[in-house]
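Participant: Sequences are here, hints too, so could you generate the full structure?
Using my numbering, you'd call the opening residue of the sequence shown number 1 and step up by one each time.
Just so you know, these hints were derived from the structure itself, not from any lab.
Because the structure is a prediction, the values reported are computed rather than measured.
The beta carbon of each residue, even a glycine, is placed where N, CA and C say it ideally should be.
In silico SDA-like pairs for lysine to any residue, Cα to Cα no more than 20 Å straight-line:
hint	residue 1	residue 2
1	LYS34	GLU87
2	LYS206	MET1
3	LYS34	ALA189
4	LYS206	ARG164
5	LYS206	PRO165
Label pairs and their in silico Cβ distance ranges:
hint	residue 1	residue 2	range
6	PRO53	ALA75	18 to 28 Å
7	ALA45	GLY121	21 to 31 Å
8	PRO66	SER207	34 to 44 Å
9	ASP67	PRO89	11 to 21 Å
10	THR106	PRO36	18 to 28 Å
11	GLY152	ALA46	34 to 44 Å
12	SER166	LEU210	16 to 26 Å
13	SER145	THR79	27 to 37 Å
14	ARG12	GLU71	18 to 28 Å
15	GLY121	SER207	31 to 41 Å
16	PRO42	SER188	18 to 28 Å
17	ASN209	ASP40	34 to 44 Å
18	ILE192	ARG115	28 to 38 Å
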Amino acid sequence: MSVRVKVCGVTRLSDAVAAWEAGVDALGLNFYPKSPRYLDLPTAAALARTRPPLGTVLGVFVNAAPDTIRETVRACGLTAVQLHGDEPPEACSGYGVPVIKALRVTGPEDVVRARTYVGVGDVAGLLLDGAAPGYGGGGVGFDWSLVAGLAGSGVPVLVAGGLRPSNVAEAVRATRPYGVDVASGVESAPGIKDVEAVRAFVRAAKSINLWE
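Facilitator: Below you can see the structure in the form of structure tokens.
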């Protein structure tokens, strides 16, 4: 079994199609207005329509109003929601789709906090990210050994932050995650994906057999 790969911050149709063709399992569409990868609803809906039958399209939200999230899910045909802000556990349900809760990691205390989301509401997975300024997409990593703190939690874990084609295989070996997530690590500019880097990232990530 190989790790699942999510590419976040896609803004162009050509990049979305190329990512699916490269073997990506999920795309993240950014609805945080302060992000350079922010999308309006018509653009996001068009990107979501590129989804293959087994693909996942997540909407990335930061401290957004629940009604805004629900409206966006419906308007764009999203299949999951990623909450990437300071949302408490009680905010992780009610959107009609599974929820991935992202948490910035600086030390063991953040992994302890992550456990408070396990089994709550519609949380289907946790995404551990580096503590870059702002909310995600900053290319800042964290100590991968901390992922072990969620071993046996019963929830899928995705690793993000500072990943790129040259180190993602090492990250998969070190953390044995359910998935890996990349944004800036496969870009030529914010929101502009380097297709060759995406292909190289997918190849490297999926080269590791998690059953070995």
